[in-house]
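Generate coordinates for the entire structure from the input sequences, incorporating the hints supplied.
Chains as they are written, first to last, in UniProt numbering: chain S, 1 to 238; chain Y, 1 to 238; chain U, 1 to 238; chain W, 1 to 238; chain H, 1 to 238; chain R, 1 to 238.
No lab work stands behind these hints: they were computed from the structure. All C-beta atoms, glycine included, are put in the ideal place defined by N, C-alpha and C. Misleading hints may appear alongside valid ones.
[Claimed, not checked] Examples of chain S residues toward chain Y, derived with CB under 7 Å:
no.: 1; residue: His78
no.: 2; residue: Val191
no.: 3; residue: Gly193
no.: 4; residue: Thr194
[What the hints assert, rightly or not] Ranges of calculated distance between the beta carbons of each label pair, as one might list FRET restraints:
no.: 5; chain 1: S; residue 1: Arg42; chain 2: Y; residue 2: Gly43; range: 51 to 59 Å
no.: 6; chain 1: W; residue 1: Val162; chain 2: H; residue 2: Gln144; range: 49 to 57 Å
no.: 7; chain 1: Y; residue 1: Gly45; chain 2: U; residue 2: Ala228; range: 57 to 65 Å
Protein chains: 6
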Amino acid sequence: MRPVRITRGFTSHPAGSVLIEFGQTRVMCTASVENSVPGWRRGSGLGWVTAEYAMLPAATHTRSTRESVRGKIGGRTHEISRLIGRSLRACIDLAAIGENTIALDCDVLQADGGTRTAAITGAYVALVDAVSYLRAEGKLADPQPISCAISAVSVGVVDGRVRLDLPYEEDSRAEVDMNVVATDAGTLVEVQGTGEGATFPRATLDKLLDMATVGTDTLFEAQREALALPYPGTPPEA
Amino acid sequence: MRPVRITRGFTSHPAGSVLIEFGQTRVMCTASVENSVPGWRRGSGLGWVTAEYAMLPAATHTRSTRESVRGKIGGRTHEISRLIGRSLRACIDLAAIGENTIALDCDVLQADGGTRTAAITGAYVALVDAVSYLRAEGKLADPQPISCAISAVSVGVVDGRVRLDLPYEEDSRAEVDMNVVATDAGTLVEVQGTGEGATFPRATLDKLLDMATVGTDTLFEAQREALALPYPGTPPEA
Amino acid sequence: MRPVRITRGFTSHPAGSVLIEFGQTRVMCTASVENSVPGWRRGSGLGWVTAEYAMLPAATHTRSTRESVRGKIGGRTHEISRLIGRSLRACIDLAAIGENTIALDCDVLQADGGTRTAAITGAYVALVDAVSYLRAEGKLADPQPISCAISAVSVGVVDGRVRLDLPYEEDSRAEVDMNVVATDAGTLVEVQGTGEGATFPRATLDKLLDMATVGTDTLFEAQREALALPYPGTPPEA
Amino acid sequence: MRPVRITRGFTSHPAGSVLIEFGQTRVMCTASVENSVPGWRRGSGLGWVTAEYAMLPAATHTRSTRESVRGKIGGRTHEISRLIGRSLRACIDLAAIGENTIALDCDVLQADGGTRTAAITGAYVALVDAVSYLRAEGKLADPQPISCAISAVSVGVVDGRVRLDLPYEEDSRAEVDMNVVATDAGTLVEVQGTGEGATFPRATLDKLLDMATVGTDTLFEAQREALALPYPGTPPEA
Amino acid sequence: MRPVRITRGFTSHPAGSVLIEFGQTRVMCTASVENSVPGWRRGSGLGWVTAEYAMLPAATHTRSTRESVRGKIGGRTHEISRLIGRSLRACIDLAAIGENTIALDCDVLQADGGTRTAAITGAYVALVDAVSYLRAEGKLADPQPISCAISAVSVGVVDGRVRLDLPYEEDSRAEVDMNVVATDAGTLVEVQGTGEGATFPRATLDKLLDMATVGTDTLFEAQREALALPYPGTPPEA
Amino acid sequence: MRPVRITRGFTSHPAGSVLIEFGQTRVMCTASVENSVPGWRRGSGLGWVTAEYAMLPAATHTRSTRESVRGKIGGRTHEISRLIGRSLRACIDLAAIGENTIALDCDVLQADGGTRTAAITGAYVALVDAVSYLRAEGKLADPQPISCAISAVSVGVVDGRVRLDLPYEEDSRAEVDMNVVATDAGTLVEVQGTGEGATFPRATLDKLLDMATVGTDTLFEAQREALALPYPGTPPEA
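Structure below.
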């Protein structure tokens, strides 16, 4: 596992703002609160948590074109945004936050493999800060809407060996690649294992899951340490 | 497992054309051959297999808006198209088909749960027919480019019980939902397990995988039976 | 005239669902009922009938790109969708169906010339079934909102001779090409005659119209036969 | 028939530039020459004639939104652009103009019914000037590539009576509406008759065609008079 | 300064319609009144003035592609539209016109440099006519909502010399290019000076501003003369 | 003037990567080198410098929608991107860098007024580092392609007083707002002064320019200090 760093209060405007680093991978995760929900959810009494993932153009080794300039979101971006939203909704009671939306934005400043798992892990911390903000504003129906912590890690088979938290150089030549989203209650939220151009026996899947647990345990510890600190700077006008 | 029906030669123009039915779910899967590859692959000597998934507007209980009219592909469509392409590329030697592209189109005529798994299972049969077409045209570098069969099935936990091949009514209230893509060599290609709003223990994951194997074995049998028949009608001007 | 086949109840979800075949041309025509009208029509007491036409990518001899992937509807698609909607609105009393919308979707599964005329002819049958559905639901102000049957056929001049219901091979080299939409009351709804790269005398126009009448009469007969049968399977939860 | 005015050399940059007026309807028709053809036509030795139609936002009684701002071309615009292109290609030998493209732009400055027929009639005059420009540049394989004149007029049934060249007030309440594109050799290029919400007997079609001939004859005379004048101002740097 | 011509009542539908010519540059400027304001302004009691600028495809020496066909507005178009809107809002009391919108459309029929400054100068005249229309309709809270006249001119340094109102041939090789929007009260609304590929000392800026004042004074005179005439033709149904 | 901080080597992949802070405004400016030029410039022997500006969604007080999700670039973004590109091209000899492109990306992490001026000032530093990278790669025709430094500052009139480097709170209620781009040779590159809803006398323009010079001098000093340090970390594989 590469060194993990979680910086809360990275920027000042959103209710939660986290810079998370998995080695050279750096993702800015923010959680913005809006006092309304999308149209299809109005009047339900339920809140909503949504997520958007994006890469800055110079985050990758070779500059990539902006999706705003191309005029559409690519398939990979869509897929990861949906994964982040689904993962974080697994830990929160949407009735408890009332008709408020928490928008999670995960922008990759520098990419070196594992950007989606770093995004999920950092977004959890930003989400906790946004919930604290809603609590301070007196907007929570239940003071503890979050039932567990969420973190994610990538595992893979590279050169025939199972590896944890793959940097880009390994990820790009992995035979099997898996992303695991887990809770600190020991359960799973999402498992996505893929063998592009190869296939893998179930025994490998088992080994990958064992290895992933080591990774997510490390990440839960890093999240706890970061959240144990007082909120840096003034929280947004709560 | 719902009754499975596979009809080859469903339409006449593409090199492979399959109607696959999982109960009330019906997907038309075609495999079109183009004697070229995308720009980024030209000169490599390698072929390409790509896939696109779509729902006809009246395929669902309530009519859905066309993505062509909205002017963009939705996230779910993107995600499934990518999954189908990745899954089918796992069984084919792209060097053996030379610089040709096989485009798999999976259009859902009627949706009742499991459309993506039906699409993968049907696309495999269409792919085999397209490869036969390339063989008849003398375009194959290696006469047997396909190394194994591919099929996919959905499994889930509904009302606390593990279920196979979920129809829409069950799928929409499943606590855990998993799609498994497997080979008839007993290996896995892709595992995507999700607990939207819930999480699940690893023991459940194991039970779901066991159940999925039952499903994919049934599907491999159905594929074999369909492919054992002579090609219906005249094959496209080979 | 090529053999015509009309299959009602082709799929189960929409209120009307028809597979129509003109020889090798096959179009799936569905009629979906929505209990509302577009914004600009709200409060008028009038219903609406709209249509969308599309080609599946593998419907043509050479695979065509999806319009959803290109991000826009092409001119030809736009033109045909508008023609179908206009044609079917000519036979229905929009006041009689109340503020309900009937959305006609005509998706070409296999194209061999005459797809737009097959679409109109099949959409009429789907429309009749959708009106029966509205009647069963007690949503009609007047029990007989349909005043006449609508069918359409293509005629053209090929190698100097007038031909009816042109397959692709003839259509692509026709000197004059005309689509005629008619009612079974002997009147015309739409006449579109074109000489791409050539022009034609009025005498030819007259001969083409005579020939078209032969074709639409055959189609009215086929529609009547199809509609004389009881509705196949259970009608959608009326 | 409303008064017709044709002004050549309306602007200076394009090879042909015509302002055409049918009563209060005013359309600017330009013909721009490009010394190349679209990719799919390269190497064929043939030229190309293409057309684009558009409405200025304030051309209509109530301001309409720009299609550039909406980000897409509407169905009506598409349809008319295609009609203009097809109509003008009927009078020109594309081999004779070599691998050059003539782009016809028809922009409606003020709309009062009949904009598409005015556009076709004016575009013919601009096309003739663009061909003269190509001749002066020595780019023609055959000095007379234009085989006949093209004009177009609308006819319709209003309050039960057949009317020629309908202004907006009549057009908007016409029971039958027809656009006829004809040649000065007495043949037809395109006939589009529509009964929106009504149908019409073939006898009406015949009367409409008779009436249209009166209109197009008037227009051929106006075109001849306009083209008999010397080119106003300096022709573009031939 | 090139000869300036201002023609009011150029078209009949919009409340104000002006053709303005700066030498060979010709821009049609219309002002359309809508009895509503954009959503974000509703209930404020304030009106709105907005502007859109566009080039017809054949306005330039070489035909340019339509932005509607490309499916998006280019940066230059966006920039100029915003400039025109901002400039004209500087002279009008938005409270005095009530919750009405005046939409200014500036369409360049022929471009020969200075199209944005001609557009602003002409749009002012169209705006005055639209305000007169609102006054005649009894829609003004204050009968004189316009506090001053607005005009604009380009100045630049060409071959080392300061020049006023640059035609295209000079503009394209100017070392410094500046657009100045001014009021007839002697104040400035907008100053945009640019040295593409070159830089300029502040002394040059001063000389350019002096020169611009000469130009805008000429334009205020031309506006006054045009507005002193009675409204040509019938004003739109006030 | 708010405190200015310039951090070079903020990320590792691009040839230049700078974090610039003007008080609470933080912009990440990267300079990516591509060994080619856009199509229209190929074969000219000249390089190109281009720029794109964007706001992260949570950079502002209230979260803004992503332009990639909306599917188009807004007018403001377009305008600022063009301004940055123009400004930086003023200081570099494009012949000296050969047929290479330097793409400047300015992404606002946190916005508190003056984002475009911070972007220009930071982009200059990233550009210098990218030029050093090209020099180390032996790609420069002339070893010193940069002729002067470029910086930019905003000035405005707030509550009747001239202010330098306006934070958002002042900027949003400024009567006059001006952005000045200058060189350290004492010349101007771009001057954009705007009075939204107000106008201003020329004397104010003069005072604003005086004040701007104070600001840009401070910025040139900050740039020099930042560039005097050795490049932090390993430069990208030069």
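Okay, the hints, checked on the actual structure:
1. His78: Holds, because the Cβ-Cβ distance from His78/S to chain Y comes to roughly 4 Å (cut-off 7 Å).
2. Val191: holds (4 Å)
3. Gly193: Check passed: Cβ of Gly193/S comes within 4 Å of chain Y, closer than 7 Å.
4. Thr194: Hint on Thr194/S: holds, closest Cβ of chain Y at ~5 Å, below 7 Å.
5. Arg42/S <-> Gly43/Y: 51 to 59 Å: holds (55 Å)
6. Val162/W <-> Gln144/H: 49 to 57 Å: Hint holds: Cβ distance 53 Å, inside 49 to 57 Å.
7. Gly45/Y <-> Ala228/U: 57 to 65 Å: holds (60 Å)
When held up to the earlier numbered hints, the structure conflicts with none and fits them all.
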